[in-house]
Amino acid sequence: MNAEFFEHIYPYKENRYCPTRKRSLEPTQSDIPSSSGVHENEMEPRRGSRTKIPRNFGLDFLTFLSEAEPQTYKEAMTSSEATFWKEAIKSEMDSILQNNTWQLVDLPPGNKPIGHKWIFKQILKANGSIEKYKERLVAKGCRQKEGLDYFDTYSPVSRISSIRILISIGAIQKLEIHQMDVKTTFLNGELDEEVCMEQPEEFVVKGQEKKDLGLADIILGIRVQRTNQEKILRKFGHFDDPSVVNPFDPSVHLAKNNGDAVSQLEYSQVIGSLMYMMNSTRPDLAYAVSRLSRYTSNPFDDHWKALIRVLQFIKGTISYGLHYTSYPPVLEGYSDVNSISGESETKSTSGYVFVCGGAAVAWKSTKQTCIARSTMESEFIALDKAAEEAEWLRNFMEDIPLLPKPITAVCIHCDNMAAIARAKNKIYNGTSRHIRRRHSTIRQLLKDGTISLDYVKSKENIADPLTKGLPREQIKYASRGMGLMSIS
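Under the numbering used here, the first residue of the sequence shown is numbered 1, with each subsequent residue one higher.
You may find that some hints are simply not true.
Straight-line alpha carbon distances no greater than 25 Å define the calculated DMTMM-like cross-link-like pairs of lysine to aspartate or glutamate that follow [claimed, not checked]: (1) K132 <-> E44; (2) K86 <-> E75; (3) K468 <-> D448; (4) K231 <-> D301; (5) K468 <-> D384; (6) K256 <-> E332; (7) K117 <-> D94; (8) K174 <-> E332; (9) K132 <-> E176; (10) K364 <-> E230; (11) K385 <-> E332; (12) K405 <-> D448; (13) K231 <-> E75; (14) K125 <-> E266; (15) K367 <-> D384; (16) K364 <-> E460; (17) K468 <-> E198; (18) K315 <-> E230.
Derived CB-CB ranges, DEER-like [stated by the list, open to error]: (19) N395 <-> Y327: 20 to 26 Å; (20) K140 <-> N257: 28 to 34 Å; (21) Y327 <-> I400: 43 to 49 Å; (22) G272 <-> E473: 30 to 36 Å; (23) P242 <-> G272: 21 to 27 Å; (24) D94 <-> Q173: 35 to 41 Å; (25) S95 <-> V157: 17 to 23 Å; (26) G272 <-> S162: 55 to 61 Å; (27) K134 <-> P328: 18 to 24 Å; (28) P242 <-> I340: 29 to 35 Å; (29) R55 <-> S95: 15 to 21 Å; (30) K256 <-> L403: 44 to 50 Å; (31) D448 <-> K134: 22 to 28 Å.
Calculated from the structure, these hints are not laboratory results.
Idealized CB from N, CA, C, for every residue including glycine.
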């Protein structure tokens, strides 16, 4: 159909909406095209007479150009840092080949190879400069199907308490401790399943292009921090704050926030950093971090004030660390529980700490999972948790050939006579039938010689700061008992 047939009825679009002309319902002579199809009186669009001035952003306007880490092999090779990435890739491939991680095989019938991906990472120093370029070749384990390509997934990780026990034994035996880092650790493992992966297109072996990397031992990705105290304070802007004498103010009673959250993301980041510090070398922070982490989902101003107080306490004890000596050469523990103080609280807080070689090797502060009906019951529940940890620690020490056998019973100190009497009593009555399982567990550990119980005064119980906020003198006494002192 010829569109020009209707143009004598419907004016041109540019004429109908031209702001310089009135819209006319009747076509004019200029609206009717000539025989050549060219508009005879075409109007030029109106142009503004105002002079355009270029934008002036001022002298303080800066633009920061940042080159992100490459996401693909092609991006890495075309970036300005391609030389460094090539060295990192060569180091990774050398490690894989030296460990005989794979071998080239023909793809078995019915077997579908999985793909691969290059992961590029820049390792930064504390001042933000680049320390090294790191690269990893990983298999796309997301393509594997559970029950078909693999069955069980497990990655063994050592407990930090195991490392502390080994350090304490080294101090007791006056041994020289060596620390080492195993490069490409996961490449030294073995797989139970047969896994085939495609050859990296950048490293295809000539003449064997159609073969796959079969019988892989371990490739990262198949499913089968260094953070110090000063860095944390600087990161969250509290390095110049004044210090305080205790991590948690005993006079403060915190409750859940029913309103809007205040800086929830930053609150979570501070808690995460403090959690790592507390689990590594600072048992004196256990109660404060455990208590404040309960409000991570919806923090309020009061929670923030208490959290900043923890950072201020760290400022005053920034050089503190665990100091292991040759005495005492045995493992012993302390157990304690707090009394419910707030109206909104219904469950007590348990705490325990185990020392060996003059310093703490294991500790924990946690909210009890059940409601205790009396002080004796809450102490007994805390004692059960401490006994559970004592059994594991003793079994671990049994496996160390250097230590004389048999390992003596782990003495757990408790400041509640009723709980100790209940643990040694064989009789159940109406007030303790609901804790029969815990009673039976402790009784069995006492009978086997795994643990022993001893009474300690409350002011001498070094697990006390793991259950409540304490004044300065009690904090200092408990810190000395846990081997916390300045090591700068």
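Status of each hint after checking the structure:
With a C-alpha separation of about 62 Å, the suggested pairing of K132 with E44 is violated against the 25 Å cut-off. For the hint pairing K86 with E75, the CA-to-CA distance comes to about 12 Å; that is within 25 Å, so the pair holds. Of the supplied pair hints, the one linking K468 and D448 is violated, its CA atoms being roughly 33 Å apart against a limit of 25 Å. With a C-alpha separation of about 24 Å, the suggested pair K231 and D301 falls inside the 25 Å cut-off, and the hint holds.
For the suggested pair K468 and D384, the alpha carbons sit about 19 Å apart, so the restraint of at most 25 Å is met. The straight-line distance between the Cα atoms of K256 and E332 is roughly 36 Å, outside the 25 Å bound, and the hint therefore fails. Among the hinted pairs, K117 with D94 is consistent with the structure: their alpha-carbon atoms are about 17 Å apart, no more than 25 Å. A threshold of 25 Å between alpha carbons decides the hint, and for K174 with E332 the separation of about 20 Å falls inside it, so the pair holds.
For the hint linking K132 to E176, the alpha-carbon distance of about 30 Å lies beyond 25 Å, and the restraint is violated. Distance restraint check for K364 and E230: the Cα-Cα separation of roughly 24 Å lies within the 25 Å cut-off, and the hinted pair is therefore satisfied. Taken as a hint, the K385 and E332 pair is honoured in the structure, with Cα atoms around 14 Å apart against an allowance of 25 Å. Taking the CA atoms of K405 and D448, the gap is near 15 Å; set against the 25 Å cutoff, the hint holds.
With a CA separation close to 32 Å, the supplied pair K231 and E75 exceeds the 25 Å bound. For the given pair, K125 sits about 22 Å from E266 by alpha-carbon distance, which is consistent with the 25 Å threshold. At most 25 Å may separate the alpha-carbon atoms for a hinted pair to count; K367 and D384 meet this at roughly 14 Å. Of the supplied pair hints, the one linking K364 and E460 holds, its CA atoms being roughly 18 Å apart against a limit of 25 Å.
Proximity of K468 to E198 is assessed by CA-CA distance (about 57 Å); at most 25 Å being required, the pair is judged violated. Restraint check for K315 and E230: satisfied, since their Cα atoms lie roughly 8 Å apart, inside the 25 Å limit. For N395 and Y327, the Cβ-Cβ distance of about 24 Å falls inside the hinted range of 20 to 26 Å, so the restraint holds. The hinted window of 28 to 34 Å between K140 and N257 is violated, with their beta carbons roughly 43 Å apart.
The hint said 43 to 49 Å for the Cβ distance between Y327 and I400, and at roughly 19 Å that hint is violated. At about 31 Å, the beta-carbon gap between G272 and E473 stays in the expected band of 30 to 36 Å. Between P242 and G272 the C-beta distance comes to about 24 Å, which sits within the given range of 21 to 27 Å. A C-beta distance of roughly 38 Å is found between D94 and Q173, which places it inside the suggested range of 35 to 41 Å.
Taking 17 to 23 Å as the suggested C-beta distance range, the pair S95 and V157 conforms, at roughly 21 Å. Judged by the Cβ atoms, the range 55 to 61 Å given for G272 and S162 is violated: they are separated by roughly 23 Å. For the pair K134 and P328, the supplied restraint of 18 to 24 Å is violated, since their beta-carbon distance comes to about 43 Å. For P242 and I340, the hinted distance range of 29 to 35 Å is satisfied, since their beta carbons lie about 32 Å from each other.
The beta-carbon spacing between R55 and S95, approximately 52 Å, falls outside the hinted interval of 15 to 21 Å. Judged by the Cβ atoms, the range 44 to 50 Å given for K256 and L403 holds: they are separated by roughly 47 Å. Range check, D448 to K134: about 48 Å between beta-carbon atoms, so the 22 to 28 Å window is missed.
In this structure, the hints that do not hold are numbers 1, 3, 6, 9, 13, 17, 20, 21, 26, 27, 29 and 31, in rising order.
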